[in-house]
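Student: Start from chain R and add chain Z according to the hints.
Chains as they are written, first to last, in the numbering used here: chain R, 115 to 239; chain Z, 1232 to 1601.
The hints are simulated quantities; they were obtained by calculation from the structure and are not laboratory data.
Keep in mind that the hints are not guaranteed to be accurate.
What the hints assert, rightly or not - Taking beta-carbon pairs under 7 Å as the criterion, some of the chain R residues facing chain Z (in silico):
1) D149
2) V151
3) F165
4) V174
5) K175
6) D179
To be verified - Straight-line Cα separation of at most 25 Å, SDA-like style, residue types lysine to any residue; simulated pairs:
7) R:K175 to Z:W1261
8) R:K175 to Z:R1599
9) R:K175 to Z:E1590
10) R:K175 to Z:L1558
11) R:K175 to Z:L1262
Claimed, not checked - Cβ-Cβ distance ranges computed for the label pairs, FRET-style:
12) R:Q146 to Z:R1583: 20 to 30 Å
13) R:R160 to Z:L1251: 36 to 46 Å
14) Z:A1250 to R:A231: 26 to 36 Å
15) R:V223 to Z:A1355: 48 to 58 Å
16) R:R129 to Z:Y1406: 49 to 59 Å
17) R:E190 to Z:G1559: 23 to 33 Å
18) R:E157 to Z:G1536: 18 to 28 Å
19) Z:R1545 to R:E187: 35 to 45 Å
20) Z:D1516 to R:K123: 50 to 60 Å
21) Z:L1251 to R:E131: 34 to 44 Å
22) Z:Y1321 to R:Q146: 35 to 45 Å
23) Z:D1516 to R:Q164: 55 to 65 Å
24) Z:A1600 to R:V223: 33 to 43 Å
By construction, the Cβ of each residue, glycine as well, lies at the ideal position given by its N, Cα and C atoms.
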Amino acid sequence: MAQDQRYTKEHEWVRVEGDLAIVGITDYAAHQLGDIVFVELPEIGRVLTQFAAVGVVESVKAVSDLFAPISGEVVETNAELAARPELVNGDPFGQGWMLRIRIADKSQVDGLLDQAAYEQLTREG
Amino acid sequence: MAQAQGSPIATPLADRHQALGARMVEFAGWLMPLQYAGIIEEHRAVRTRAGIFDLSHMGELYVDGADVAAALGYALVTDPASLKVGRAHYSMICFPEGGVLDDLIVYRLAEERFMVVANASNAAAVSDALIERFAGFKVVLDDRSLATALVAIQGPASLQVLAPLTDVAITDMHYYAIEEGAVAGVPALVARTGYTGEDGFEVFVDVAAAGSVWDALMEAGRSARVIPIGLGARDTLRLEAGMPLYGNELGPDTTPYEAGLGRVVKLGKEGDFVGRAALERAQADGPRKKLVGLAVRGRGIARHGYELFAGGRRTGAVTSGTLSPTLGQPIAMGYAAPSDAEPGTILEVGIRDQRVPAEVVVLPFYRRAT
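Bound-form chain R, shown alone:
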């Protein structure tokens, strides 16, 4: 996992690319869910509020909410996931990325869990 990644308590990860943030769910979350068969993402242009439920990740047996790790406008979503939701299981930090958001407030990113804090969270989980 990249050292500049940040995480939420709901197991989303965030990487910053200029004024954009790329978002996905972690391998821990993907493993907990099992085989992912459906991903519903917010539409491009939608303005998200930090920690609001903005989408859904479904496994064979369960429906799980996707939460916005930061506030901002959705500028891109991963179109591959419609046909290949299993990418989230196979490559959750790479090809399984979900959203690109234009960051509204950079301090929100800094406020998320860092690598060590997230590892601690998953150890306790």
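Tutor: Below, chain Z without anything else, positioned relative to chain R:
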């Protein structure tokens, strides 16, 4: 066996599941494997090769005695007297009001000996109901559920994997037949029954022998890449095969006719049986709702409890639904008003805040090649 109140019972194979890295889940009071390699991989293995299941949570009720056929004929909706020795049939035990108490498989082991296999969640209720209904008949009920382990192998490779391990002549065994013999050197009942829509066998053994049978099947299946299968894939397999699950498609508020299982009720058999009057009325009146197969035609997965709409009006709800690994599309079963249940009808399923089209289709969604 002392159990802390509320803690689930482990099957005799629990240590093997843990060793295989299974994700365990509590189901009907039992600690069961939900998945090992993953639900989709396990599902595909059963459809293309074979898989091994621990089904020791199921209920096995032995019924013996001079009046056994008559007693079961009174207690159940089918006519077990018509079964030849070594044959089985699908059955149901209904409430006097006509709703379903459980769905079952009834096996005739001998002229005066049957085995009734009940769902894990209903084993105790079925046992109690049978005892009550057997009053006045010369029969004895022996609930051997906790003494019996059940290991199943299901999939096209089942025959080739099991055959070398057993003296039972399974190659020519009829579907829904059962025979006594040995598997991996231990006494067993071998039945050609299953809940997947594939060829397969269910092996009933004493709990002490469960480990030997499991190990032998896993070893014998190695070259065919047979893998262990959990409850997750068991559910997706039976749903594709259009098979009902008690608690979803069947329950006390549903008659066999509504579930599309009217042919199982033998109104023509001799004598009264529990639920006869109500079921005769139900058949005459017609169903209040009908079980439908649904192929979701939009984006979204229909799941248990999601509402069904016809022309904007609520017509029922989804009882089971998932992403079909074989078809690659979402499938479901549910109940709709009879007038909305014609195959080809486009209903809508409420998925979160959307109404997604779903076409009524004839069950099953999947049928094996031969």
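Student: Look at the Cβ atoms of R1545 of chain Z and E187 of chain R and judge whether their distance stays inside 35 to 45 Å.
Tutor: Once the Cβ atoms are compared, 36 Å apart, the range 35 to 45 Å for E187 of chain R and R1545 of chain Z holds.
Student: Hint check: is the beta carbon of F165 of chain R less than 7 Å from a beta carbon of chain Z?
Tutor: 19 Å, violated
Student: Return holds or violated for the Cβ distance of Y1321 of chain Z and Q146 of chain R against the range 35 to 45 Å.
Tutor: 37 Å, holds
Student: Would you check the hint for K175 of chain R and L1262 of chain Z, treating anything up to 25 Å between C-alpha atoms as holding?
Tutor: 17 Å, holds
Student: Does the beta carbon distance between D1516 of chain Z and Q164 of chain R stay inside 55 to 65 Å, or does it fall outside?
Tutor: For Q164 of chain R against D1516 of chain Z, whose Cβ atoms are near 56 Å apart, the range 55 to 65 Å holds.
Student: Take a quick look at whether K175 of chain R and R1599 of chain Z sit within 25 Å of each other, Cα to Cα.
Tutor: 24 Å, holds
Student: Please work out if K175 of chain R and W1261 of chain Z have their alpha carbons no farther apart than 25 Å.
Tutor: 19 Å, holds
Student: If you check the beta carbons of E157 of chain R and G1536 of chain Z, does the distance land in 18 to 28 Å?
Tutor: Since E157 of chain R and G1536 of chain Z have Cβ atoms about 26 Å apart, the given range 18 to 28 Å holds.
Student: Within 20 to 30 Å or not, the Cβ separation of Q146 of chain R and R1583 of chain Z?
Tutor: 21 Å, holds
Student: Have a go at the V151 of chain R hint: is there a Cβ in chain Z nearer than 7 Å to its own Cβ?
Tutor: OK, holds: V151 of chain R within 7 Å of chain Z, min 4 Å.
Student: Does the structure keep K175 of chain R and L1558 of chain Z at a Cα separation of 25 Å or less?
Tutor: Distance ~17 Å between K175 of chain R and L1558 of chain Z Cα, so the pair holds.
Student: Does the hinted range 36 to 46 Å hold for R160 of chain R and L1251 of chain Z at CB?
Tutor: At 43 Å between Cβs, range holds.
In summary, the structure is inconsistent with hints 3, 6, 24 from the numbered list given earlier, while agreeing with the others.
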